[in-house]
Structure formats: structure tokens, C-alpha cells
Amino acid sequence: MQKYLKVEKRNMNNQYGMFAIRIGGIFVALVLGAIFLIFSGHAPIDVYVTMIDGAFGSAYGVNETIVKTIPLLIAALGVSIAFRMKLWNIGAEGQIYAGGIMASGVALSFGDLPSLLLIPMMMIAAFLGGALWACVPGIARSFWGTNETITTLMMNYVGILWVDYLVFGPWKDPKGYNFPITAEFSPSAFLPTFGGTRVHIGIVIAILCSFVIYILLNKTVWGYEIRVAGENSDVAKYAGMNVTKNIILTLMVSGGIAGIAGMTEVSGVIHRLQSNFSPGYGYSAIIIAWLARLNPIAAIFVSFLFGGLIVGGYAVQTSGLPASVALMLQGLILFCVLGAEFFTGYRVSIDKRFFSKGEAKING
Amino acid sequence: MDNAIIISTLSAAVIAGTPILYAALGEIICEKSGNLNLGVEGMMLIGAVCGFKAAVLSNNPWVGFLVAMLAGGLFSLIHAFLTITLKSSQVVSGLALTIFGTGLSSFIGKSMIGIPAPVKFSKVAIPILSKIPFIGTILFHQDVLVYISYMMIVAVWIYLYKTNMGLKLKAVGENPAAADAVGIYVSKIQYIHVFIGGVFAGAGGAYLSLAYSPAWLENMTAGRGWIAVSLVIFALWNPVRALVGSYIFGGLDILGYRAQTLGITVSPIFMKMIPYLFTMGVLIFISAKKGNRNIAAPGALGVSYSREER
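In order, the protein sequence lines correspond to chains Z and H.
My numbering puts the first residue of the first sequence at 1005, with every later residue one more than the last.
My numbering puts the first residue of the second sequence at 19, with every later residue one more than the last.
Residues of chain H placed beyond 10 Å of chain Z at every Cβ, according to the derived structure: (1) D20; (2) I24; (3) T27; (4) K138; (5) K141; (6) K149; (7) F152; (8) W175; (9) N182; (10) K186; (11) A199; (12) I202; (13) Y203; (14) V204; (15) V258.
Chain Z stretches covered by chain H per the calculated footprint, using a threshold of three residues with CB under 8 Å from any CB of chain H: (16) 1148-1154; (17) 1169-1181; (18) 1290-1297; (19) 1333-1341.
In case anyone wonders, no lab produced these hints; they're calculated from the structure.
Note that the Cβ used here is the ideal one computed from N, Cα and C, for glycine as well.
For reference, chain Z alone in the conformation it holds in the complex (with noise of 0.2 Å):
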């Protein structure tokens, strides 16, 4: 069988040929994923209208979708930043628990000031937050050439923990009936909300960010330079760059960026900071960062599409099924969609002797 098909590299420049293969990734990952929940007792064309239906069937759904797609917005914009200069940042959920531990720092100790000054304040101490938190990884790489990935993975779990020792120890709330959380912060550090909603103005933020993430990445001298060194670093040198310098910045910009989906989540939804407060955003992130091509543009949508599936998780656990068929149908996506990038640099066609045997006998 092997012999008949045939396989040619190729380059693919076509955006909607990319497009495609996205969307069929995509296709197969639910399909794989219908026969999972085939086999492991459920109806998968019930699960998944009841998921489009809980994210996206109801005002209620897409204000909740659009709760979540902000810290996967803001957190997926960080990462993309990093993944330009091919720095794996896959330190965003650390990020975004350091990002939430210095906003809460400022809302509690500042909780008189009036928002127009408190709010500004809590983003640049999440944004130096997060950007601490990825700059140890990021000299570490550019001066010794330390591996980034596993860095920047532990210090999520460095991040974690530093909220649990607050929120258990000097922070905890002391009306809080020994709960693992502070005090709730004064209103003036809350992100306003629109309406009766939910949904908070750090959606807004976040479409902000990805458009000037996308002048800063595309029509910069600095966006350029992180491209070349990406994709060359001795070009990058040659050239005149400075790439250690870029390392560092770059990480150190990601991960501010991640910082500050940390601050929307404490003052735009929970008011407060709490242990585990994010479920995973900095891990979407990075599927989401990918699944965009780092497009800051085409995140905003795979950061909708993503918030929804996260939405639809929790919708059918009313019907027996665990919230992590999300997570499960994430990882799915990206393996389907990573195999799919096979054809955008590869042809396979299958060879007409295939279907003429009888030649293919006589040419051997």
C-alpha cells in the first residue's frame, strides 16, 4: 500500500489553504473525540449540543463566554509574543498567578484611592509581575542558554504556591471562615462590568491589546527583530541584533502581558485573590496561541471559540459529565491540528498505479 502513496515536501504560503487545514484539524479532533464519548457510554451528539448550547444558546452562555475568553485572550497575546522569537513560554499560568498576586497587593494596601488611579496601578504591578516571573527563565536563557520550557513550567508551580502561602497565611481573609482567600477589595478596584453582567471591561482591554500586539509584532522594528532571531539567531547577530538583550525583553514582555490576564481575573470576576484561581487559562493559552498562528487578531476568536468550549465543559456536568471533556477536547484539537500541519508542508497523493494494478505488476 505504502508503495502507491506518495508523498511530496511542498510549501504552503496559501492563507485559506492553512485555514482549511486548520478547520479539518479541528473536524477530526471532534470526531475522535465523539468516538471517546461513544466508548465511554455517552451520546457525543447530546454532549456537544449541550455544550454549544450552555456557551453560546443563551444571553447568559455568551456572557460566560465572554468572561472566559478574557483571560485567554490577554494570556494567548502574551504567549504569541514569546512564540514569535520561538521562546517557549509555557510559563503563562505562573504568570498569571504573579500577575494576580501584585494587583491584589496594590487593591489591598491602596483600597482609598479612586479607580481611575487604582486600576492603572493594579495593571502595571501585575504586568511587573508576570514579566519577573518569566525574566529569571529569560536571563537564564540568554546568558547560559538554559532550556526555557522547563523554566518557565516550574515557576508555575513556584507562582501557585506563593498564592496559597498568602491567601492561607498573612493575606487570608479573617472573616473569611478560614476559606483560602483575602478580603474582598474595595469597589474601586473593581474592573467595571456592563449592565447586569458578568462580563467586565477587560474584554475591551483585551481587544485593545491585540491590535496594538499586532502593530508592536508586525509593523515594528522591534517585532521584526524577534521574527529574524526566531527564525536565525546568528542572522540575528549578524545583522547587528541584539539578541540577548531580546531574550530577556521579550520573556520578560510575554509574561507582563500574561500578568495582567491575572489582574482582569482578581478585580474584573472573583474581587479578590483566591488559591487556584485560574483553571488552566495559562495552558488554553498556549493551544490558543498556536491554533492563531500567533496572530493577535485570529486569537480573538480562537479565544472565543476556546472560552466557549471551557463554558460548555461546565454545562454538561449537569448530565454526568465531567467539566474536563474541555481540557480533554483541547488537547485533542491541538494534536489533530498539529498532525494537519503535515499536508502544509507535504503533498500526499495517491499514485495512479494504484488503480491500474496491472500496470504497476509490469513496471515493478
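Using the hints provided, position chain H relative to the given structure of chain Z.
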């Protein structure tokens, strides 16, 4: 501090180090073939949950252990297919394996949260050896899986350095084009060893859910898979050094729980950070003195081999 506390702490360090040791041995084998599998965390979780489920259903810990190994191996084949056949990025594929493994394991394990293991591996003293003062209790009064891990170190060492297959494996990892030229079936060798890596990771996961803390908890590996990946670098791809590294990490791992009995008054939450910070520190230290790392790492690690690009 009296002797008994030291012995019981070190003995606990061996137990805490064993799951990391299993996973690290598997990753050494996998990376020797030139394939970097960052999905160890995911494979361990799959091993832990499948092993636990099988042990609950069969009421036999050995069935659980074997199922865990098989599950880890089968799960790793996703990574093998993506990176070897479809030539995807090994880094992204490994990450996907971890994310998918986390979701899949909590999906499978949902119904088993909170039930204790009906059966587990308990401690068996080896006659004579366990009577050696001090180290006897630490090394030879453990459960059977710890003893198997000792044997595995020897087995992996012999396999890598004394067998024909080990030689082929290293040839593929160092220079797949040259290996291909002398007639070694490169992708077959890589498939086999990614699978073996998965089997070991599955065993490490099963150790967690069947011996270390016999129960199933979501995300119960808590980063141990990633620590195993860094341990491989620390061990310079040498199984014997992996043993030493695992027990150091095991020791740091239990410090958080034992801090109070050892008279340490720092918050236990900070103690729990130590293994992760230590891992980072070790990685930075090793890359700072680059020399021996470059010699030890398989030449083609992380690069997909494609015949047309020879």
C-alpha cells in the same frame, strides 16, 4: 535529631524519588533515540489513573501496574506518530500530550476520586540485606516496585551500553542519517523507544496511585513528570546518575511534609516550592558549565529526521 527520624526520612525520600526515577529512566531511553518527549507528565497521569482503575476492578495491584505500563506506552504512541511519521514539532507535541493527558486522566478518574485503593503494594523486607545497619532499612525495607526500579537501572544500563540494540539506538539518536545509511530502520527504532519511554512513565504514575499515596487525585503527579525531564539533563543521560538525582528530588519533595518533625519552622508551603526551584537551579547550573552537557546530549535530540533532507 535521632537516628530513627533520619532513617525514616531517607526511607521516605527513596519512596518519593521512585516515581521520578521510573519516568526519568524512560525519558533517557526515549531521548537516546533523538526524540524529546515533553509529555512525561501526561503519560504519568494516564498511567496513574489507568493503573488505579485496573487495580480497583481486578482487586490486584499487579494488574494495575501492568495496565498502567501498557496505557503509558500506548499513550506515548500519539506523540510518536505525530513527531516521527508526521514530523511535527516535538516540543509542541509533547506539550499537547501533557494537556491531553491531564484532561483525559481527570475524565477517566472522575468516578474514583476519594475512594481508597482496595489493594496496594506494601513494604516487604529483603532478608539479610535489610539487616544492614542504616542503609538496610532505607533501601531494602521497601515495596516491590522500589526493588523493581533498582533492577531497571541495571537493565537500562546494560541495554544502553552492552547490547546491539542499545548501539543502534544511540546511532539513531546521534546521527539518524548515518544510521539510515548503514541500514538501521530509523523510524522503527524511534517508535519502539518512544513506546518504552511511555511504559516507564506509566509505571512511575502507577507507583504514585498504587504505592506512594494509594488513591486517585486529579493532577496527582504535581509536576513530577517535568522534574523527570529535567532530571535526564541533570543525569547527563546516564541511568545511574538518574538514581542519585531522583533520590535528591525525592528528599526535597518530602521536606515539605517532614519539615516540622525535622525542626524546620518555615511555612510548609515554601518547603513545597523547593523541588521546583531546585530543578530550575540545577538546569541553570548545568547549562552554565556547558561542556559536559553538549557531549552527553544525543546529537539529533529534538530534530525530526526526514530522509529527503539528508
